[in-house]
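Fit chains B, C and D with the ligands to the known structure of chain A by using the hints.
Residue strings, one per chain:
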Amino acid sequence: MARIGVFVCHCGENIGRTVDCARVADALREHPGVAHSVDYKYMCSDPGQALIKQAIAEKRLDGVVVAACSPHMHEKTFRRACAGADLNPFLCEMANVREHCSWIHEDRARATDKAIDLARTIVEKVKHNRPLQTIRIPVTRRALVIGGGIAGIQAALDIADGGAEVVLVEKEPSIGGHMSQLSETFPTLDCSQCILTPRMVEVYQHPRIKLMAYSEVDAVSGYIGNFTVKIRQKARAVDASTCNGCGACTKACIQRKIPSEFDERLGPRSAIYVPFPQAVPNTPVIDRANCAYFKAKAKGATKAACGKCAEACSRGAIDFDQQDSFVTEKVGAIVVATGFQLYRIGADQPQGLTGYGEYGYGTVPDVIDGLQFERLASASGPTGGKILRPSDGREPKRIVFLQCVGSRDPAKGMAYCSKICCMYVAKHTMLYRHKVHDGQATVFYMDIRAAGKGYDEFTRRAIEEDGARYVRGRVARLYRDGDVIKVHGFDTLSGEPLVLDADMVVLATAMRPQPGIEALAQKLSVSYDQHGFINEAHPKLRPVETNTAGVFVAGACQAPRDIPDSVAMASAAASKILGLFSQAELEREPTVARVDTGLCSGCFHCERVCPYGAVERREIRDRKGNLLKVVAEVNPGVCQGCGTCQATCPSKSVELDGFTDQQIWAEINALAL
Amino acid sequence: MSAPPSEAGSHHPPTLTAHLRATTGVNVAACYQCGKCSAGCPMAVETALRPHDVMRLAASEQRERLLAAESLWLCLTCEACTARCPNGCDPARVIDALREEAAHQAPRAIGAFHRSFLDQIRAFGRSFELGLVMTYKLRSGKLTQDVTTAPGLLGRGKLKLVPHPIAGVSDVRRIFRACEKEEA
Amino acid sequence: MATAAESLTAFEPRITAFVCNWCTYTGADLAGTSRLQMAPNVRIVRLPCTGRIDPLFVIKAFERGADGVIVSGCHPADCHYTAGNYHARRRFAVFRELLDFMGIDTRRVTFSWVSASEGGKWRDVVNETVGRVQALGPFEAYHELAGRQG
Amino acid sequence: MRIGYYPGCSLHATARELDESLRAVASALDLELQELDDWSCCGATSGHATNHLLSLALPARNLALAEAQGHDRVLAPCAACYNRLATARHEIAADAALAARVARVLERPFANRVTVANLVEVLRELGPAITARAGRSLAGLKVACYYGCLLVRPAAVVGFDDPEQPTSMEDVVRAAGATPVAWQMRLECCGGAFSLARTASVVRLGRAILDDARRAGAEALVVACPMCHSNLDFRQSAMLERGEKPLPVLYLSELVGLALGIAPDTLGLQRHFVDARPLAARAAAEVH
Ligand SMILES: Cc1cc2nc3c(=O)[nH]c(=O)nc-3n(C[C@H](O)[C@H](O)[C@H](O)COP(=O)(O)OP(=O)(O)OC[C@H]3O[C@@H](n4cnc5c(N)ncnc54)[C@H](O)[C@@H]3O)c2cc1C
Ligand SMILES: Cc1cc2nc3c(=O)[nH]c(=O)nc-3n(C[C@H](O)[C@H](O)[C@H](O)COP(=O)(O)OP(=O)(O)OC[C@H]3O[C@@H](n4cnc5c(N)ncnc54)[C@H](O)[C@@H]3O)c2cc1C
Ligand code: SF4
Ligand code: SF4
Ligand code: SF4
Ligand code: SF4
Ligand code: SF4
Ligand code: SF4
Ligand code: SF4
Ligand code: SF4
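Protein chains in written order, with our numbering: chain A, 1 to 673; chain B, 674 to 857; chain C, 858 to 1007; chain D, 1008 to 1295.
Derived by calculation from the structure, the hints in this document are not laboratory data. For glycine and all other residues, C-beta sits at the position ideal for the given N, C-alpha and C. A portion of the hints provided could be inaccurate.
Said to hold, decoys possible - So, partial list: chain B residues that the calculated Cβ filter (under 7 angstroms) puts toward chain A:
hint	residue
1	706
2	709
3	711
4	712
5	757
As the list claims (entries may be wrong) - Chain B regions said to be covered by chain D (calculated; three or more residues, Cβ under 8 angstroms):
hint	stretch
6	719-733
7	767-773
8	789-799
9	847-855
Looking at chain A on its own, in the form it has when it is part of the complex (with noise of 0.2 angstroms):
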């Protein structure tokens, strides 16, 4: 027989003055099973948890109950005092006669009899408890960033900073991301290189980041505290440590007219590249689909083609069958940090979507858009910082702009605003006026979202002081007419239709999410949207965190976002990290799940609704070693005690600590008594 003791609390008048406390504590000293019921001013008083311990001690008590307010208001602090008493904390629960009894219900009869079936009920509920404990996980205090744009560096130097350790992994042969593309940045107009390369050759030199460029994540497991990543190195064909960087290679090289993607295919790179001057590390690559070796060895020729770099290089670092190789980190949380890439229109247009050919880009050569411009506006671009059209190299005296390309447009792109392109569009027509004094800049657009500090004022700028023409509406269609490119568009707020000459057309296309982020994001169990932008844990309050603990989110991976944001939302991801490795082992609630193996019959529907992917596969073998079955087995590490595993199984096989089938079926049997 159980020996359960129940506390009925007053809450000084908030309990007593509509439930009849003394009743309903004589009602349970009938109940079965129950040892002692009493009644109390104040529970959570300390004299009112000493009524408890010295009740627990006394009459050798091996369940409570509190029937006094919410247990979201005080089942910690109950538990405690048991535990003070040597019970096991989670043979403790409340029944609710506080907000769900005395608070809503004014008639005392009433009032009391509900009380009495709620406190019942928990009763019964006790009756099945079992002793848990709490969950103990260590962390290993380092942490892996995927992505090196200025989120990512961020991320990285904050918390290696903080003083744990960091793993940077980057897809492309230098971080920098899209910051080291940019001209000068709004609001301040300050050069984004000169703002981002210090902070990039910090990292390269931080004691405690390991920088894994040209690399990408090739599988993740574990769970908060305790992930296991592999990661992988690709080929650059360059041997990194005897490489110094001198460069000579890349000038030797034969083949020197492939679009280079740093330059948004404006200007030549070649074969074996640098993606950029300041880059880090300053390890060259070589393209294996343009290098001349590589394209006769993969037609098959027995001959070695050029190598015109190998003997370029004075230190022998040319490796040309140098192979990926993988490497396999331990770290306790990991930050996403992949950015964005822009909207190109007719390139990677989503499925079903008929695009742009009104207007004209990829076949009017000087429509271009607005990373092509930071290209040309910036000092270190291909026309070294001249405005001049990729067409014939004419500086052009009246550019175009358009705005929400492919953003705001549900019917051929996104339905969502891209944020941060009414801010760069002003920039770049500022930018244009303060480089070709006596040039026209036109902007059409519909709105003008400019919510920041200084923001609306650096728009505005554009307007009174640079010269910039807005326009309020869109442009219908675009073609090259001869030497112009002609603009039809409608002015509607003078209501009348207008048709543009310009010599350069810039399209501020939407800013989407990296291809192949969907993978990315499966291998770390985190949820994204529709468009493929990672999910925060909450709009709100967890902006930083995602659904699986341990994994953060910073900066354009999440949301559109310009660089304040990012770096914000980095910072606080670093933080959030900081805080984590603070604690030598994290401590979670046993509400977890577990499986019952004999029972198990592996179908794995199980797997299938967990939220958290907290459900592995287990073989189970006889001595011999051969194979009998594969059970569902829970990590409780990463299981969050959704219980959705258990009402799912067909065989009843798994059950939720805290939350049993016995807990349950006894509070709604003991509902009928």
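Frame of chain A; chains B, C and D with the ligands shown alone:
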């Protein structure tokens, strides 16, 4: 206690917005007045109300003003507007629907043309161009213009002088009556 | 046995509510903190998530004499466990048909989404359910249900 | 290959040469055109502009006839008819309630099974056959392909080519051995619907089209729509107020016919207002 708005609303005739949504599937409230439709409309230089104006007035329930507008009848149904609307708004379809509404109160040249044309089909099952030119001229009152070109057409074997009703003309007439009854 | 007329006037239905810990339970707490008065007929069974709710719980509640059942959790996009209530929704879509098949009037079961901030909505769900089940009268068929269950 | 043939009213009158040239080309390329028995007018823009149900029921009557006469595909060479038939097919397929209303007024069995093809689509499919049989007679002939609006819009209904940067007519022109020019007014409406009602608008729109084609170096305009043709050919004299050289306007089928060596009179070239015969003569001269 006041009644919920949906109940109060149901006693009034449907709004123009609701009517358009029901008949065309277009939610005029989705139009954010970007003007992309009007920017590409070939008639925008001639019309007082451009497609985005039509959407705006519809969204603000200006039924009378819209139905009286000559601009409705100047739309070529070229669908350039619809093809490019970022919100899938289909102004061409909305204009069509408004024309249908306004049809009975539109004794204008273009309304006259459409009616002449349909009269031909009703009579013969197919259109018959000389008859079309004649009835249209009579209706619109423009008698001189174009009649001179008829000999040119005739000379090239392009105008038929005698109409030939198709065998199934009574079937076609029945369809006309049925549609008029259904839409009334 | 009470006559039908008597039981209609005196009838106080017994309602069992299965609610998730994070949204509806907390919403019901808020109703309490806001002192929103409501019918005293509902007894809450707290679960971590609607994903934990086995349809058999509902059958069991009826078998044990409940006249009505409420199932309530987080709004579809707000699940504390990100997807648990998505599974609950799918499960309960099938479950409705099962109830029909078993001869349980589906009007006796309320499915709703009540978030932690919707104290008022919780009161409405409670009052509406109690009113509806009151009108339906006591759930006599449960004896049969209990019999069938053995 | 066999296909149902819906000529539409214009092909029996103002667009006789489209009918004539298409029949000639079809027989040269072994395409059997089976004219629908008892077809009626599709209602054109007028049905569309005034009674929505009628604008679907009139085309649906013809689709139902095609079904009854055992076709699974119907060629509507007139772009306007094509657009009406394709739209009706699309709308009825998408909306069961509408389908029921249409069935009610039709009073005949109708399963909406027949697909609708246009002139360009069918000629593009025949492209390899055209190239195989075409001589070099059109080599060097520069033409501007004019799509107008009905062939490409609405994209969801017609959808056989890109709605903003189509290429199908150019493909046919190349298959026939002529050279398409790059120009900008390919998709601008010519105002066909107002040919009688609002001549001034038509002249304004047509002039812009002709000017652009001429600037791009075109010697002729190629069209696939009787309305475009009658507008740009019949009304062209009014569009040439500044003494520009007139531009012949050829149906795509006429151009293909010339490439296949079919006699100009068989193709109906004598019916044009802007004389196209000198072009034909040039082509003939090239052959010899
Ligand atoms: C035209 C233009 C102008 C702009 N101007 C300004 C401005 O003036 N001021 C301003 O504040 N903001 C500006 N921005 C916005 C700014 O570029 C972004 O806010 C910033 O780059 C976001 O940084 P990030 O690190 O999140 O992403 P990114 O810069 O995109 O960096 C992501 C990095 O992750 C890497 N990566 C991606 N996937 C993987 C993977 N699977 N594994 C490993 N690595 C991966 C990428 O290679 C990249 O290096 C502009 C943007 C554009 C398009
Ligand atoms: C009408 C309105 C509606 C809004 N709706 C939304 C919404 O729907 N969603 C949303 O995300 N945001 C919304 N917001 C914005 C939201 O309120 C703010 O973002 C948020 O409150 C900012 O939090 P805070 O802690 O920075 O500042 P506050 O909420 O202002 O808190 C600052 C605290 O500091 C205290 N304090 C001030 N000075 C001192 C001092 N010298 N010493 C000690 N204490 C001090 C104040 O008393 C106060 O308690 C809304 C704002 C408004 C005005
Ligand atoms: S335990 Fe809860 S109900 Fe009791 S006095 Fe404390 S707050 Fe009030
Ligand atoms: S030449 Fe050799 S050392 Fe110099 S950058 Fe190239 S690989 Fe490195
Ligand atoms: S092998 Fe030749 S082509 Fe290839 S990277 Fe070296 S120099 Fe360039
Ligand atoms: S930020 Fe401005 S330009 Fe960019 S999508 Fe939003 S409103 Fe359009
Ligand atoms: S659902 Fe149940 S039986 Fe199936 S694998 Fe999971 S625990 Fe085993
Ligand atoms: S309780 Fe929830 S989180 Fe834990 S294993 Fe089951 S389904 Fe996964
Ligand atoms: S294009 Fe569409 S959204 Fe823009 S004004 Fe026209 S109808 Fe409205
Ligand atoms: S359909 Fe009418 S409103 Fe739309 S673009 Fe054409 S003429 Fe203008």
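Outcome of the hint check:
1. 706: holds, 6 angstroms
2. 709: Hint on residue 709 (chain B): holds, closest Cβ of chain A at ~4 angstroms, below 7 angstroms.
3. 711: holds, 4 angstroms
4. 712: With a closest approach of 4 angstroms, the residue 712 (chain B) hint holds.
5. 757: Since chain A brings a Cβ to about 6 angstroms from residue 757 (chain B), closer than 7 angstroms, the hint holds.
6. 719-733: violated (count 1)
7. 767-773: holds (count 4)
8. 789-799: Holds: 6 residues of the stretch 789-799 of chain B have a Cβ under 8 angstroms from chain D.
9. 847-855: That given contact holds, which follows from 7 residues of the stretch 847-855 of chain B lying within Cβ reach (below 8 angstroms) of chain D.
This entry does not satisfy hint 6, going by the numbered hints stated previously; all others are met.
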